[in-house]
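Given only the sequences and the hints, what does the whole structure look like? Please build it.
When we follow my numbering, the leftmost residue of the sequence shown carries the number 31, and every step to the right adds one.
Honestly, I wouldn't trust all of these hints.
SDA-like mimics (lysine to any residue), calculated; alpha carbons at most 20 Å apart, straight line [claimed, not checked]:
(1) Lys-630 / Asp-551
(2) Lys-448 / Leu-498
(3) Lys-514 / Glu-454
(4) Lys-626 / Asn-572
(5) Lys-399 / Glu-434
(6) Lys-435 / Asp-446
(7) Lys-236 / Lys-262
(8) Lys-533 / Asn-516
(9) Lys-478 / Leu-211
(10) Lys-588 / Leu-498
(11) Lys-278 / Asn-239
(12) Lys-491 / Asp-446
(13) Lys-262 / Asn-239
(14) Lys-100 / Leu-211
(15) Lys-94 / Leu-219
(16) Lys-532 / Glu-582
(17) Lys-225 / Thr-235
(18) Lys-509 / Leu-455
(19) Lys-387 / Asn-316
(20) Lys-547 / Glu-434
(21) Lys-395 / Asp-446
(22) Lys-401 / Ala-438
(23) Lys-33 / Ser-190
(24) Lys-532 / Lys-547
(25) Lys-94 / Ser-207
(26) Lys-547 / Glu-632
(27) Lys-225 / Lys-262
(28) Lys-650 / Asp-640
(29) Lys-401 / Trp-415
(30) Lys-466 / Ala-520
(31) Lys-466 / Ala-438
(32) Lys-533 / Lys-478
(33) Lys-414 / Asp-446
Quick caveat, the hints were computed from the structure, so don't treat them as lab data.
Quick caveat: nothing in here was measured; it's all calculated off a predicted structure.
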Amino acid sequence: MTKGNINVSVENIFPLIKKFLYSDHEIFLRELISNSTDATLKLKHLTSIGESKSEYGNPIIEVKIDKEGKKLHIIDQGLGMTADEVEKYINQVAFSGAEEFLDKYKDSAKDSGIIGHFGLGFYSAFMVAEKVEIITKSHTDAPAAHWTCDGSPEFTLEASDKTERGTEIILHIAEDSTEFLEESRIRELLNKYNKFMPIPIKFGTKEINDPEHEPATITDKDGKETKEPHRKITVDDIINNPNPAWTKQPADLKDEDYSSFYRELYPMQFEEPLFNIHLNVDYPFNLTGILYFPKMGQDLNIQKDKIQLYQNQVYVTDNVEGIVPEFLTMLRGVIDSPDIPLNVSRSYLQADGAVKKISSYITRKVVDKLKSLFNSNREDFEAKWNDIKIVIEYGMLSEDKFFEKADAFALYPTVDGKYFTYEELFNKIKANQTDKDDKLVILYASDKDAQHSYIETAKAKGYEVLLLDSPIVSHLIQKLESSKENITFARVDGDHINNLIKKDETTISKLDEDQTKALEDILKEVIPSEKFMVQLEAMDSNESPFTITQPEFMRRMKEMQATGGGGMNMFGNMPEMFNLVVNTNSELVGEILNTKTKKKQERLITQSLDLARLSQGLLKGEELTNFIKRSYEMIK
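Right, dumping it as structure tokens:
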């Protein structure tokens with residue numbers, strides 16, 4: 031038996047490891063199982079190239095709890111170690127790595143995340159164990175070895191009678207970590223971190239129906255038939271799927287394979303995803319994965335952090351910010367790459383060359399998929415538009431490259447349920463919706479019901495009205511106006527239609543200058559100036575006498591501010607202001623001007639204004655009650 035001190039000069043390194051190694055102690059199980067997986071895969075490689083006499087077989091990793099003995103066992107059938115290798119890899123390499131790590135990260139280590147490249151994965155065991163044993167037998171003919179350490183720099187290393195190849199780690203769980211002796215806790219961790227590891231992981235046993243036993247049919251004395259119960263057998267409970275869908279070639283997978291993998295990732299998600307994107311690249315970096323577009327609707331606050339990041343099938347995190355472009359963090363699925371540096375800060379990650387390439391590759395793959403879906407089945411793409419538009423619009427806003435490419439598949443729906451690409455829309459409305467200054471005016475509504483009368487007025491002139499109702503639409507149209515040439519967007523209720531798309535022809539007013547001035551004075555006496563700017567317009571006599579509009583610029587700035595950015599706070603604090611467009615050629619407006627009694631004049635103005643407010647949903651509370659009372663009086 032050898033006794034000795036681990037080659038380390040840091041005074042009592044174990045408390046430091048416990049404090050600094052990981053912010054989350056539960057990570058120890060992932061690290062130890064990762065080591066077992068590495069040892070098993072290395073053996074597979076050596077046997078495949080003829081450098082190991084050992085038979086590879088069908089190795090598994092087993093996790094066992096001994097609650098009474100307060101021990102947790104992790105057992106593999108991998109490469110194993112000789113006593114010399116234990117001395118080298120456990121006592122020397124790991125601890126020189128530990129010193130380097132502590133020296134480099136002592137101020138910020140708590141947030142450093144994974145630090146496996148320092149060779150410290152094994153020592154995460156001391157975060158939860160007061161004593162750790164390694165019993166290991168190499169794949170060579172060398173005798174087995176037994177290493178023990180009680181959390182001080184002292185260790186013992188002696189021969190062992192273990193005869194089977196592989197390594198067993200025994201953790202004597204510390205008093206403050208007894209949660210890791212509970213089956214439910216260990217099962218939870220195995221499901222979280224090891225669900226897709228490439229070697230089968232056994233955790234206990236389970237009963238299943240015996241596949242070789244077909245239950246007999248039993249007939250009772252009355253001739254009634256029943257099946258005898260299934261015969262049960264006990265089998266190993268393998269908790270992981272060593273060959274998840276993302277590790278396979280896209281050509282080997284069918285639609286149902288992608289669907290069942292989605293359910294495996296999100297067992298509590300009952301809605302099917304709309305489509306998926308399979309990532310598979312090995313140059314200039316390694317990346318595999320599957321991303322799913324879930325149904326999104328209008329919700330900008332949809333839960334992010336649903337994409338899981340793996341490194342060689344080992345779960346790392348569900349915070350992929352910096353690796354996946356921000357607008358795609360609303361997607362779901364898996365990304366697996368050995369090329370992402372995981373032990374660094376987010377700001378470093380975002381500046382990392384490999385990560386930037388990965389991020390732009392993912393964007394490109396999403397663009398290709400959307401383009402192909404649009405081209406291969408446009409009808410289906412249009413049907414899914416409302417469920418995916420929030421991601422696409424957000425992408426157009428936040429990624430210039432995506433914005434450029436989105437012209438190929440971004441859709442602009444109309445209030446009548448037609449869908450146009452930007453180019454199709456441009457060609458369709460160019461002739462009719464270009465104003466006298468040669469600017470193309472794109473009309474849109476945000477609410478079909480609330481803006482119904484304005485939509486109908488625009489349609490009566492043969493204009494197309496888009497339905498743009500996502501929460502970020504004000505930002506998006508701002509971006510489109512600054513990127514496309516000579517266009518402007520106008521919401522249908524932003525002004526009277528003749529002012530939204532100004533043509534050369536003008537309508538002559540029935541009122542002369544004096545009458546117009548008199549009308550303006552009468553209106554201003556009754557209409558509250560803090561809410562309405564009165565605007566006299568000569569229009570067709572059949573058009574509405576009073577129309578309320580809200581200035582596009584002011585409304586847009588307020589909306590942009592409500593969804594973040596776009597304009598200073600002054601817009602949010604300003605009171606709601608509306609324009610009241612009064613049609614000087616309307617018969618009713620003529621009557622208001624010519625009415626001799628002040629009282630009747632006031633009543634006509636108030637009633638007309640309230641009708642206009644009602645059509646805009648602006649009449650509420652006491653004012654609405656008074657309007658209804660007054661209207662009944664007029665009917666009487």
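query = What are the numbers of the hints that this structure violates, sorted from low to high?
reply = 4, 6, 9, 11, 20, 21, 24, 27, 31, 32
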